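Mind assembling these two chains? They're in different frames, but the hints should get you there.
Each chain is listed here by its residues.
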Amino acid sequence: MAPAQPEGLPGPLDGLLPASAAAGSAERTLSLYVHVPFCAVRCGYCDFNTYTAVELGPGVSQDAYAGDAAAEVRWARRVLEDSGAAPRPLHSVFFGGGTPTLLPAEDLAAILAQARESFGLADGAEVTTEANPDSVTPESLAVLAAAGVTRVSFGMQSAVPHVLAVLDRTHDPDNVPRAVRWAREAGLGVSVDLIYGTPGESLADWERSVRTAVGYEPDHVSAYSLIIEDGTRLAARMRRGEVPPIDEDDQADKYELADRVLGEAGFEWYEVSNWARPAGGADAGAHRSRHNLAYWRNQDWWGIGPGAHSHVGGTRWWNLKHPVPYTNRVRAGQSPAAGRENLDEGTRHLERVMLEARIRDGLPTAALAEDGRAAVAGLIADGLVEPAAALRGSVVLTLRGRLLGDAVVRRLLA
Amino acid sequence: MSPLAVNAPVPASTDPSILRNFCIIAHIDHGKSTLADRMLQATGVVTPREMKAQYLDRMDIERERGITIKSQAVRMPWNVAGTDYALNMIDTPGHVDFTYEVSRSLAACEGALLLVDAAQGIEAQTLANLYLAMENDLTIIPVLNKIDLPAAQPEKYAQELGNLIGVDPDDVLRVSGKTGEGVEALLDRIVREVPPPEGRADAPSRAMIFDSVYDTYRGVVTYIRVVDGKLTPRERIRMMSTGAQHELLEIGVISPEPKPTQGLGVGEVGYLITGVKDVRQSRVGDTVTNHQRPAAENLGGYEDPKPMVFSGLFPIDGSDYPVLRDALDKLQLNDAALVYEPENSAALGFGFRCGFLGLLHLEITRDRLEREFDLDLISTAPSVSYNVTLEDHSERVVTNPSEFPEGKIAEIREPMVAATVLAPSEFIGAIMELCQSKRGQLKGMDYLSEDRVELRYRLPLAEIVFDFFDQLKSRTKGYASLDWKAEGEEAADLVKVDILLQGEPVDAFSAITHRDKAYAYGVMMTGKLRELIPRQQFEVPIQAAIGSRVIARENIRAIRKDVLSKCYGGDISRKRKLLEKQKEGKKRMKMVGRVEVPQEAFVAALSSDEAGAKDKKK
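Just so you know, the protein sequences line up as chains A and B, in that order. Residue numbers for the first sequence follow this note's numbering, so the first one is 315 and each next one is one higher. Residue numbers for the second sequence follow this note's numbering, so the first one is 2 and each next one is one higher.
There could be a bad hint or two in this list.
Reference excerpt, derived from the structure (chain B facing chain A, CB under 7 Å, subset only) [unchecked claim]: (1) 561; (2) 563; (3) 584.
No farther apart than 30 Å at their CA atoms in a straight line, the calculated lysine-lysine pairs in the DSS-like style are these [unchecked claim]: (4) B/576 - A/635; (5) B/307 - B/331; (6) B/260 - B/278; (7) B/179 - B/307; (8) A/635 - B/331; (9) B/567 - A/635; (10) B/584 - A/635; (11) B/578 - A/635; (12) B/179 - B/260.
Keep in mind that the hints were calculated from the coordinates and are not lab data. A quick note: this is a predicted structure, and the numbers were derived from the prediction, not measured. Every residue gets a Cβ at the ideal spot worked out from N, C-alpha and C, and that includes glycine.
Looking at chain B on its own, in the form it has when it is part of the complex (with noise of 0.2 Å):
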């Protein structure tokens, strides 16, 4: 018989016994999309002449990166011992970032396939994310991924996942998303182990929000997973954080493509628009109900969105600050968890301090800010948030060290992490050394196989928000990952380093480090500054202080020659575009006090590249 449905459930009208909700849980290059692709393919979703690879993810900059960032969920029919059966596909982000997203987009299933590249073996997010969805008492089914692959190694993986979830090894899928083998076993054991979803068809309706996007010409899209009741076009539903209300514009099913439907019931997952233009509006694990009859209680679960990496954000153009405000609000529009607030820097004049949930957020954000809006940004070196306090017993909030008190301070806490490294066991000193040069603190080490293993740290959210992954991808040859998670704040040596041209503390160079790290801090940034910076027509020293205290000094020395001695013949045009040039680009200097500081010193002197370069050369 062939798997293909015959008759497609009809969205509304399908019966929970014949749902099937689930997720994928995959390490970023495991083949997550490629698996999906295969899957919208076998259950005749896509034809394979309509196939884009790696349909599910929209946006360029996903798919240039190969992440995932905003998850989607699609309906495919299949049918199994003759019952047509309709299963809904959530995709989730990969990275650990996104975590909250994450654990909303399981919370929407009732299973979850554990992807497995057969060539790597597990990796630190992914056991993040697997331990989320035991958690949430997801049925898990383990699979492993590229199996086609010279270097697949399944038996040894398949140890791997069966120890890790207590399967026999037997038991673990093997499947290519490369050929399609093996997709058609998957979707029957999707069928076959993953319980029906259970809600109650009469109670008031109930529907998580687990991902909502912001797209042009709709406004805001909002993908839901309905628990209880039943939702359908045209009525008032309300939002149970806020209280907000809005008119059920549309509601419908993706497969592949939105399609409106006469309603979602229990345990269907699909969209709705509400005509919003502002995704805060339609809050990721938010729960909607009737405005009529409302539900009693919300689903639980919703956490406001909470940044942890903090940066400015600066045009190198300042007529560009209007566009810039202008690009993050319309980011806003798709991404909650971006904050900002106005900021101005005495080096880099107007710009925005923005909150990120991490270090990839950041740069993701920026990226689009640069490439969607055509702007050149210079980021300043990411901080986190510090709380402060005074000896006067007063508490204070830093999360730029603009604003580290002057005053006397009696105690700085720091944010701390839950790290969990995975690598191959011959990595383990090289690991070990590392997360010491970062303040780590050893919690624990198992070996989840014979030369793999698994170590975890408490570490300062400072230390690995800058360059401590690609420190632990060159140290390990790239086999390492890593995982974190948030854990309280701690009591630290915490300093403000400034950096100072001619005696002017120069604000965007500023850092909070331990006091530790303070001269290392100083001596590269003043080295590096002492490269960018040219030469001026006085002395200029570079100094780097905590407080009034030098601790590290370079000097540039006076320039003694600029001027043209000859005139060219009589070709004053020349000279005089020559001295056009040298104007124009005296605008593009930003004045420090009386020091010309070119835009590109800032970028370069900002950016973590010579870092990582020095890393590599060692």
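Pulled out of the complex, with its shape left as it was, chain A reads as follows (with noise of 0.2 Å):
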């Protein structure tokens, strides 16, 4: 099970992307995302596409995966090229899943260095791999060191164990600190990612979860509101009237807390969910994440694996979502893309307010219509707008104006 994709055209089997998509790809950076879609176990609140190795049936196995991965980089490489778009090196990569860490260290190496050898790496590059506190060790932490990983991103979740039961986390919180540890050891960037309004979460159990993050000195910290979508487990459990309903007010005091606790820790808010801790030197936010921010950027990435979506230049398309009919295309030396969308002007802009709206860098104010424009002053009254940073120019939201982002935009959109 996994979410329903989008509508759309189909995508040709080419893959060749409409001149709209190449034109100014020159001026965007190029990052890629390499889906894994593998689980030990699948937890009872998730509806990414994956699949335990029970689900996944026969003709494809995790053990190919990384050449099939491989195959569709070389793809990519060579669709944008006969697309007409710029050669860039990539800005960054991220491995997110499913459970990157399932696969062996060596394999995400492989899929790593083909990327290198299709793309080439930018200075700076970032390359972050998710990964399950239970299933890296500091050998496998190395191996995706050595291979040019710069980050790890770790699905801590939370600190306390009923609420990881709910989840239905089965990875024992006491190794969080230590594979934190080795991780450092292996020189790697650390983030956390925390879920927060789990049913039966109490503000106190919450806060023990973000203090607990906080003491293993990551780097950069995502916190996001569990959301009970459609066909999970977690949903069903719901209706049933087994766990309770979320309560969008217990939601908003546990944002609060964290970012009261997050701040007084050092960190800064750099997106709704995400906070960094500022690095010293240059550019104090390199602890944000490159990758992260090229989606709210509204950036070019190449989405590998099945059911991985891209955006190129105002083209969206979707892969497959189910591995064998994925592997299957990408053998044959077809497209595996499901559908793509082309978007108009309008939906640009709509996309485009509603993504850079949410990241601390602002929106310009300049790239608002009219109306957008004139109800920047409403929401500097209402408290949701930084008035300050409107005075110069950009939408930068209050901590009240981010808890109502969806809100704010609507009416920049207006």
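Here it is, written out as structure tokens:
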């Protein structure tokens, strides 16, 4: 089970992009996302495109995955070139899932090597892998670091056992500090992911999770509110009344608490759900996730793997979800895309406002339509937008504004 | 001898002495249409194969609700003792909203069947129509229907009918519309007892309009009863109330489909077509005469239809306003009682203030607009027409709370009704309690039989237009029946209650109520709205106020979180679609000041469902 994909046009088998996608590509960065669609078990809240060994069925195996992913990387390079996009070294690479660290570190290293060969890595390129704290060792982390990985994002979710149990997370919370230490020893940057608002989680539980995460001294923290997605086990349990429904006021309290505790520990928000420690040296924002920002800034990225989403210059597409048909297409030298959409001017504008309004660097007011610019005054009056930033020509959300981010975007687009 | 007519009398040359004009007075579900079907079969007008159940009720809504809205007339031949007769059965509306139309139908007849369900006994509306029939000097033939039902108590109800109209219970006919038992005897009895019509064949023609119906293909079809003279095709006729002239394109009888004839003579009942497109040009109660040789006096009894209940109708989708306007125009072609004028509500946008004969008329009209014209409508709470005298002695008529004067008011008078409730005597307490809570004054009480009672109340019309009938039914387990008619006006201590969102009055929720009930209305409405209006980015106080005095208050807390925290692994399209859906949702919101109110909240707040549901729970 995985979420329904968008409706779109069928993607052409040659994968070629329209001229509009290549236009201006030299001005944009190019990132690579590599989806690893495997998990040891499926978590009750997860609706991502991932499969346990049992769900996968015959014909495909984890063992062969690195080879297929590398083949799509080579394909990506050729399609971009044939479509007339500027050749660009990769700004960032991100291994997500699923559980990338279920693959041997050598497999991830091989995919990364292919990326380096096909595209090259830009100076200071960020290379991240998500990891389950239980599925790393000092040795595997050393292999990853040697291959060029710069950063590990650990799915910690919570420090509280009963909360982890509701989420079906099987990792031992005591393994997290150990994994963080090993990553540090391997010279890797560290991020931890947290989830708040899990049914049964008290405010004190959440505070304990945030403080515990801060205690590990990561460079970066992501905190996502739990969203109950249709089709997940948790949604079914909620429908049956086995777990209480989501309380948005409680989630708001927890967001405010996280922002306060992280702020006191020296972290700064740079996107609605992301906080980073300022780095020393010339680039104070060096701990912000480049890859994440590339999404919010509407840059180009190619998504490798089943179900992965890509965006190049206003053309979005998404791959076949199931690994079996995906693999068949890649091996046949055809585009594994299931569908695509070419965004028109209005939709690109809408997306830009929707995405850039979420980041600390802000959305230039000049990018807004006239009605949107007029709406800014009201947003300032309502305490949703920073007045000083607005006077400098950029829409930056206040704490309250971040919690009401979607409402702000609707008003900017009204 | 077969009772079927040997030679059906020919229209336009039928001697009045072999004509019998009658109608059926019955309560909604007492089986009038089924009995009419059996008579059409018995007289051979309709073969069993052609029989569509309840042949006379044409419209879907009527069929579903089991109500005959529009009356029609069918000519049936019948032979008694060797003479062929022509029987005209005039169908009458069964509901209290259409009292005037009933009175015109009765005026077209010499006799009436008083049809009563043998398992239920007479109902209030039937009683009211019976009074009307007796005032018109009609010959009443009492008939108990549904004698085939196991629960039928013909002896008991024959006694009741006998007492009511002063006949021997043995003379009460017993029939079954379902099995056909007793139907032939009933037809014989109509021929024997109903007097033939009287009129002057050589006098200038006069015919009374007792109904008019708009037909898409033929234009207006007008149903008439000729009193004097004769009407023939191609002559020029004149409507006596307006003086309008028309050419008589077609004239005929219904048997059971329209059949053109060479004319209609004294006492005959049929239809005429002039090509007009609007029923208001062919008004119920009006007199038709010949243009060249007009009658000196009309037949009397004509009244303009008078709306009693008013409500605003607004399209949920504002762009449907022209569709609603056209739809009302079309309905009016067939409904002279429907009146409307454009109304602009700050909360609901453009719509129409409509006047109706009663609540059922409102509901039927709304149903038809939604069904036949595919409209989604919001209707505001029904209101009545108030006469207001200001301190400067100026007078004002208020049919809409938004017209309620701001200035100093000397007196407000509200329309009153005389209501009759019939019910088993065990419910007297419950009915009295209800009527008292609706500001009713008991005017009298009579036992119709040992265990059935008639209660007469004087009540403000405003109190019965909302949920009175539903409450009456639920408090009497469905046994009580109600009839009412307008009866003057009375001064009362009435106030306008405004509902304010964030200090802004919402015109659609304002109501004129009695001062003693203002608080209850305020609490009910603010409570409902607190549930219905989603949380906003700021706190929203909801207040009920009389003038500047707040009488009830609720609060909607500000929403604190409205942001999607994750980006779904680069699936921006999904996020965008959520945003587009949210934006689409906003479009269906009405802005009240800065407060976004979903259309559904207006619909739900203005519906009386909840009030009804609460009562059922008690």
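Hint by hint, here is what the structure shows:
For residue 561 of chain B, the interface hint holds, since its Cβ comes within 7 Å of a Cβ in chain A; the closest pair sits about 4 Å apart. Among the interface hints, the one on residue 563 of chain B holds; its C-beta lies about 5 Å from the nearest C-beta in chain A, closer than the 7 Å criterion. A cut of 7 Å between beta carbons decides the hint on residue 584 of chain B: the least distance to chain A is about 6 Å, and the hint holds. Between residue 576 of chain B and residue 635 of chain A the CA atoms are separated by roughly 18 Å; this keeps the pair inside 30 Å, and the hint holds.
A threshold of 30 Å between alpha carbons decides the hint, and for residue 307 of chain B with residue 331 of chain B the separation of about 20 Å falls inside it, so the pair holds. With a C-alpha separation of about 20 Å, the suggested pair residue 260 of chain B and residue 278 of chain B falls inside the 30 Å cut-off, and the hint holds. This hinted pair does not check out: residue 179 of chain B and residue 307 of chain B have alpha carbons roughly 38 Å apart, beyond 30 Å. Of the pairs offered as hints, the one joining residue 635 of chain A and residue 331 of chain B is violated, with about 55 Å between alpha carbons and a cut-off of 30 Å exceeded.
At roughly 20 Å between alpha-carbon atoms, residue 567 of chain B and residue 635 of chain A fall within 30 Å of each other, so this suggested pair holds. As the CA atoms of residue 584 of chain B and residue 635 of chain A are separated by approximately 29 Å, the hinted pair is consistent with the 30 Å bound. As the CA atoms of residue 578 of chain B and residue 635 of chain A are separated by approximately 19 Å, the hinted pair is consistent with the 30 Å bound. The suggested pairing of residue 179 of chain B with residue 260 of chain B holds, with an alpha-carbon distance near 28 Å, which does not exceed 30 Å.
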